[in-house]
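Undergrad: Please build the complex by placing chains B, C and D on the supplied structure of chain A, with the hints as guidance.
Number of protein chains: 4
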Amino acid sequence: MSWAETDEVYQIAGLGGRVALGRRPAVLVVDLSNGFTDPASALGSDLGEVVAATATLLDRSRDGDLPVIFTTVAYEANLTDAGIWLRKMPAIAELKLGSPLVEIDARLGRRPGEPVVVKKGASALFGTNLVAMLTALSVDTVLVCGATTSGCVRATVVDLVQNGFRAIVPRECVGDRAAAPHEANLFDIDAKYGDVVLLDELLTDLRSTIAAQTPAPR
Amino acid sequence: MSWAETDEVYQIAGLGGRVALGRRPAVLVVDLSNGFTDPASALGSDLGEVVAATATLLDRSRDGDLPVIFTTVAYEANLTDAGIWLRKMPAIAELKLGSPLVEIDARLGRRPGEPVVVKKGASALFGTNLVAMLTALSVDTVLVCGATTSGCVRATVVDLVQNGFRAIVPRECVGDRAAAPHEANLFDIDAKYGDVVLLDELLTDLRSTIAAQTPAPR
Amino acid sequence: MSWAETDEVYQIAGLGGRVALGRRPAVLVVDLSNGFTDPASALGSDLGEVVAATATLLDRSRDGDLPVIFTTVAYEANLTDAGIWLRKMPAIAELKLGSPLVEIDARLGRRPGEPVVVKKGASALFGTNLVAMLTALSVDTVLVCGATTSGCVRATVVDLVQNGFRAIVPRECVGDRAAAPHEANLFDIDAKYGDVVLLDELLTDLRSTIAAQTPAPR
Amino acid sequence: MSWAETDEVYQIAGLGGRVALGRRPAVLVVDLSNGFTDPASALGSDLGEVVAATATLLDRSRDGDLPVIFTTVAYEANLTDAGIWLRKMPAIAELKLGSPLVEIDARLGRRPGEPVVVKKGASALFGTNLVAMLTALSVDTVLVCGATTSGCVRATVVDLVQNGFRAIVPRECVGDRAAAPHEANLFDIDAKYGDVVLLDELLTDLRSTIAAQTPAPR
Chain A
1 MSWAETDEVY QIAGLGGRVA LGRRPAVLVV DLSNGFTDPA SALGSDLGEV
51 VAATATLLDR SRDGDLPVIF TTVAYEANLT DAGIWLRKMP AIAELKLGSP
101 LVEIDARLGR RPGEPVVVKK GASALFGTNL VAMLTALSVD TVLVCGATTS
151 GCVRATVVDL VQNGFRAIVP RECVGDRAAA PHEANLFDID AKYGDVVLLD
201 ELLTDLRSTI AAQTPAPR
Chain B
1 MSWAETDEVY QIAGLGGRVA LGRRPAVLVV DLSNGFTDPA SALGSDLGEV
51 VAATATLLDR SRDGDLPVIF TTVAYEANLT DAGIWLRKMP AIAELKLGSP
101 LVEIDARLGR RPGEPVVVKK GASALFGTNL VAMLTALSVD TVLVCGATTS
151 GCVRATVVDL VQNGFRAIVP RECVGDRAAA PHEANLFDID AKYGDVVLLD
201 ELLTDLRSTI AAQTPAPR
Chain C
1 MSWAETDEVY QIAGLGGRVA LGRRPAVLVV DLSNGFTDPA SALGSDLGEV
51 VAATATLLDR SRDGDLPVIF TTVAYEANLT DAGIWLRKMP AIAELKLGSP
101 LVEIDARLGR RPGEPVVVKK GASALFGTNL VAMLTALSVD TVLVCGATTS
151 GCVRATVVDL VQNGFRAIVP RECVGDRAAA PHEANLFDID AKYGDVVLLD
201 ELLTDLRSTI AAQTPAPR
Chain D
1 MSWAETDEVY QIAGLGGRVA LGRRPAVLVV DLSNGFTDPA SALGSDLGEV
51 VAATATLLDR SRDGDLPVIF TTVAYEANLT DAGIWLRKMP AIAELKLGSP
101 LVEIDARLGR RPGEPVVVKK GASALFGTNL VAMLTALSVD TVLVCGATTS
151 GCVRATVVDL VQNGFRAIVP RECVGDRAAA PHEANLFDID AKYGDVVLLD
201 ELLTDLRSTI AAQTPAPR
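Those protein sequence lines, which keep their order, are chains A, B, C and D.
When you number the first sequence by our numbering, it's gap-free, plus one each residue, and the end is 218.
When you number the second sequence by our numbering, it's gap-free, plus one each residue, and the end is 218.
When you number the third sequence by our numbering, it's gap-free, plus one each residue, and the end is 218.
When you number the fourth sequence by our numbering, it's gap-free, plus one each residue, and the end is 218.
I should point out that these hints are in silico values taken from the structure, not numbers from a laboratory.
Do not rely on the hints blindly, as some may be mistaken.
[Claimed, not checked] SDA-like cross-link-like pairs, simulated, lysine to any residue; straight-line CA separation at most 20 angstroms: (1) A:K96 <-> B:A13; (2) A:K96 <-> D:G98; (3) D:K96 <-> C:G14; (4) B:K96 <-> B:A106; (5) B:K96 <-> C:E103; (6) C:K96 <-> C:V116; (7) B:K96 <-> A:A13; (8) D:K96 <-> A:A40; (9) D:K96 <-> D:T80; (10) D:K96 <-> A:V116; (11) A:K96 <-> A:A40; (12) D:K96 <-> C:A13; (13) C:K96 <-> C:L86; (14) D:K96 <-> A:A13; (15) D:K96 <-> D:A53; (16) C:K96 <-> B:P112; (17) A:K96 <-> D:E103; (18) B:K96 <-> B:G44; (19) C:K96 <-> D:A13; (20) D:K96 <-> A:V118; (21) B:K96 <-> C:G14; (22) A:K96 <-> A:A77.
[As the list claims (entries may be wrong)] Quick list of simulated restraints, FRET-style, between CB atoms: (23) B:A77 <-> A:N78: 47 to 55 angstroms; (24) D:P90 <-> A:D7: 49 to 57 angstroms; (25) B:R107 <-> D:P90: 56 to 64 angstroms; (26) B:S99 <-> A:R111: 18 to 26 angstroms; (27) C:A212 <-> A:E103: 40 to 48 angstroms; (28) A:E8 <-> B:S99: 23 to 31 angstroms; (29) A:S99 <-> C:E183: 45 to 53 angstroms; (30) A:T56 <-> D:E49: 51 to 59 angstroms; (31) A:A93 <-> B:A179: 45 to 53 angstroms.
Idealized CB from N, CA, C, for every residue including glycine.
Same shape as in the complex, but just chain A (with noise of 0.2 angstroms):
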């Protein structure tokens, strides 16, 4: 069965809703760390495009005063906290605590007041306190970032839609290093966990939420 074949038979089972934008979206950049962004190092590919789209989405946001956080992969040296994945995923032994490879790419231009929340899984909620953050900050919607699409991109946003958030993935803002698995699992999303847009479509929809931003109540 193909993919479009594979279209049809969703839309019978009654898959591919739409959660759409809530009242007070978050940006959460998943894993831009170098280890991902330099093609050179072992986890790596070209995601140039990537972290220009996902720059620009944070340029709106920031000046909309949307929350923005990033994670980063990253373990003790002796990897004690990286369990059962590091024996399928070996490369990930690269990413130490303190390493350049587990900082942010500078091309994001990450402020000081933007927390980096370090986990060890795939999702950016496994073993974390994001969901705590995102509660806190009384956020209802997140703009999921990063890479890989198919890897800690579909984690995360299946952890959001299960914790009861609005997870939107902007097409141009997320990467891999191949195109089958990073099609396939925007697929995947699409029809079953968040809505997968295009860059310019969200940039338009959220000059309406960001004007309507009210303060968090203190």
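TA: Okay, now just chains B, C and D, sitting in the frame of chain A:
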């Protein structure tokens, strides 16, 4: 980039290691409820062969006294507990607590001692006490069967490895409503989260593991 | 060191701040099932006044369209899902799914639209999808009632603040089987996790909060 | 009702069972960072004897090759990750990532291979990947040391039993800034969540457990 080229890129990135069977496996049957196994239901598809293969694994596992756990997705009548997921997958509204659709497919011969974990999200570990059950049983490896490969099976396997469990997916024991996402997700699982194996291989490997079982501590 | 001297030490340490009501409160009624409110049951005690005070808060909250959620502890017949907790508290074995002991006390007049979250542990957030429900409802504040203060109420309040919610405990709406742990845990809660307030105060504060309610985004 | 009468009520309710040592214990040292062990710091108190008793348990455990894990509470400079807890406990603002206050007390002689889990909440299991680490190490029992008894130790023990682990608290190895909450929480822990034991008893019991250790599966 084709799937074959993807394989090559992944090999260079050092993905696709093996987790292998640990000491104490359990079988987890994800969402083989009537709502998913009856092709006439909105979320259902023809999973006859998946059910048959899973029944074979269950027989062997019960003989070896391995723990067997089922999951089902089920919601309250007013769907308050379905959250944002309902927007993406309106068809889950059919899966009401108490309805025959949420009962485990009778062909699997569930025994009274085998728990059914009621879940509300994609992963069998999200919003459930499955981790606590597995830990209390000293389980270190989970043999994951069920549906759908691109939905709850994938999400469950990701959460298992994140939580420190080895996940093994016997290929014949998982199924989906469409072939393309099924294959794409088996690819991702095997590359990054758990081992996808042939049922026959697994049954052979299980023999020695079962022979070496010692009772869990009291 | 007495409790009065403790107060002084805590003040120096800067504990005991206020979380205060946020914008969207919900009422969470923890474990006021027959198993806990019937003094004749093993885990029960005389909670008549707690039930009456909780009913008052529920009436006012329903009038104001605040979400109301109940929890109950309930296990499968063979207790596979009770885990290690069963060793410490063998009496929980009474709380079987389907038994009248796990039904919500009828004096609370639970309405059909008000969900009952089935939990297996002490915290209402552990092994449940309560966080997802609260987030999907845009709740930022949880008014915690129920039993026991030194058990499930305390554990729930700790998990609420950890997850980014404001927890408020109306003193008359929580109870325990013994006075000493009841008071000791109200002290800890108020010093470190949530606000312990008088029901009358809370009812007054709720009036303006309810008046300011706007519907959650669709 | 006095604490002695409480004991009697609890006995009737069938509380206070024993979890006992399992097969693979690990030592978890909760928040014995300088911020808590230095009486001059806002959150600190005189924990010299607690540190000394913990050091004794650590020596014995290292000799027996038991896993040793530390936790520390630490926040980003702008406290975005401190959430609602900051309102109740403004003094946690002192615990900044990179500050000497969040380093483990040097008297415990932490070794390079012993991980420090950075946490943001009370429980060592909340917002961390500690469960994954324990599971990957096949640990079934956690020996909990640290501070404060009425805060992070209590919350950690509750989460451990909820997650299916046996928690054992050597009385001399935990401490608090005030005696009344310390004793009240040891009472609750022993009645409902984990075993409170004397350090000497534990050291004796550990001897045979350590002798029976077999390496975790590779």
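Undergrad: Against each hint, give a clear statement of whether it holds in the structure.
TA: Okay, the hints, checked on the actual structure:
1. Our distance criterion of 20 angstroms between C-alpha atoms is met by K96 (chain A) and A13 (chain B), whose separation comes to about 17 angstroms.
2. Among the hinted pairs, K96 (chain A) with G98 (chain D) is consistent with the structure: their alpha-carbon atoms are about 17 angstroms apart, no more than 20 angstroms.
3. The suggested pairing of K96 (chain D) with G14 (chain C) holds, with an alpha-carbon distance near 17 angstroms, which does not exceed 20 angstroms.
4. In summary, the hint linking K96 (chain B) to A106 (chain B) is supported, as the alpha carbons are separated by about 18 angstroms, within the 20 angstroms threshold.
5. Between K96 (chain B) and E103 (chain C), the direct Cα distance comes to roughly 19 angstroms. Compliance with the 20 angstroms bound is thereby established for this hinted pair.
6. A threshold of 20 angstroms between alpha carbons decides the hint, and for K96 (chain C) with V116 (chain C) the separation of about 15 angstroms falls inside it, so the pair holds.
7. Proposed proximity of K96 (chain B) and A13 (chain A) is supported: the alpha carbons are some 17 angstroms apart, at most 20 angstroms.
8. For a cut-off of 20 angstroms, the pair hint linking K96 (chain D) to A40 (chain A) is broken: about 34 angstroms separates their Cα positions.
9. Using a Cα cut-off of 20 angstroms, the hinted pair K96 (chain D) and T80 (chain D) holds, with the two alpha carbons roughly 11 angstroms apart.
10. For the hint pairing K96 (chain D) with V116 (chain A), the CA-to-CA distance comes to about 14 angstroms; that is within 20 angstroms, so the pair holds.
11. At roughly 17 angstroms between alpha-carbon atoms, K96 (chain A) and A40 (chain A) fall within 20 angstroms of each other, so this suggested pair holds.
12. For the given pair, K96 (chain D) sits about 17 angstroms from A13 (chain C) by alpha-carbon distance, which is consistent with the 20 angstroms threshold.
13. With a CA separation close to 13 angstroms, the supplied pair K96 (chain C) and L86 (chain C) stays within the 20 angstroms bound.
14. Distance restraint check for K96 (chain D) and A13 (chain A): the Cα-Cα separation of roughly 50 angstroms exceeds the 20 angstroms cut-off, and the hinted pair is therefore not satisfied.
15. Taking the CA atoms of K96 (chain D) and A53 (chain D), the gap is near 27 angstroms; set against the 20 angstroms cutoff, the hint is violated.
16. Proposed proximity of K96 (chain C) and P112 (chain B) is supported: the alpha carbons are some 14 angstroms apart, at most 20 angstroms.
17. Only pairs whose Cα atoms come within 20 angstroms are accepted, and K96 (chain A) paired with E103 (chain D) is accepted, the gap being roughly 19 angstroms.
18. For the hint linking K96 (chain B) to G44 (chain B), the alpha-carbon distance of about 15 angstroms falls within 20 angstroms, and the restraint holds.
19. For a cut-off of 20 angstroms, the pair hint linking K96 (chain C) to A13 (chain D) stands: about 17 angstroms separates their Cα positions.
20. Between K96 (chain D) and V118 (chain A), the direct Cα distance comes to roughly 15 angstroms. Compliance with the 20 angstroms bound is thereby established for this hinted pair.
21. With a C-alpha separation of about 49 angstroms, the suggested pairing of K96 (chain B) with G14 (chain C) is violated against the 20 angstroms cut-off.
22. Of the supplied pair hints, the one linking K96 (chain A) and A77 (chain A) holds, its CA atoms being roughly 6 angstroms apart against a limit of 20 angstroms.
23. Here the CB-CB span from A77 (chain B) to N78 (chain A) is close to 51 angstroms, well matched to the stated 47 to 55 angstroms.
24. One distance hint, 49 to 57 angstroms for the beta-carbon pair P90 (chain D) and D7 (chain A), holds here, with the actual separation near 54 angstroms.
25. The hint said 56 to 64 angstroms for the Cβ distance between R107 (chain B) and P90 (chain D), and at roughly 60 angstroms that hint holds.
26. Between S99 (chain B) and R111 (chain A) the Cβ separation comes to about 51 angstroms, which falls outside the hinted range of 18 to 26 angstroms.
27. At roughly 44 angstroms, the beta carbons of A212 (chain C) and E103 (chain A) sit within the given window of 40 to 48 angstroms.
28. Between E8 (chain A) and S99 (chain B) the beta carbons are some 27 angstroms apart, a value that agrees with the proposed interval 23 to 31 angstroms.
29. Between S99 (chain A) and E183 (chain C), the C-beta spacing of about 51 angstroms keeps the proposed range 45 to 53 angstroms intact.
30. Taking the beta carbon of each, T56 (chain A) and E49 (chain D) are about 58 angstroms apart, inside 51 to 59 angstroms as hinted.
31. Our hint of 45 to 53 angstroms for A93 (chain A) and A179 (chain B) is violated, since their Cβ atoms are close to 35 angstroms apart.
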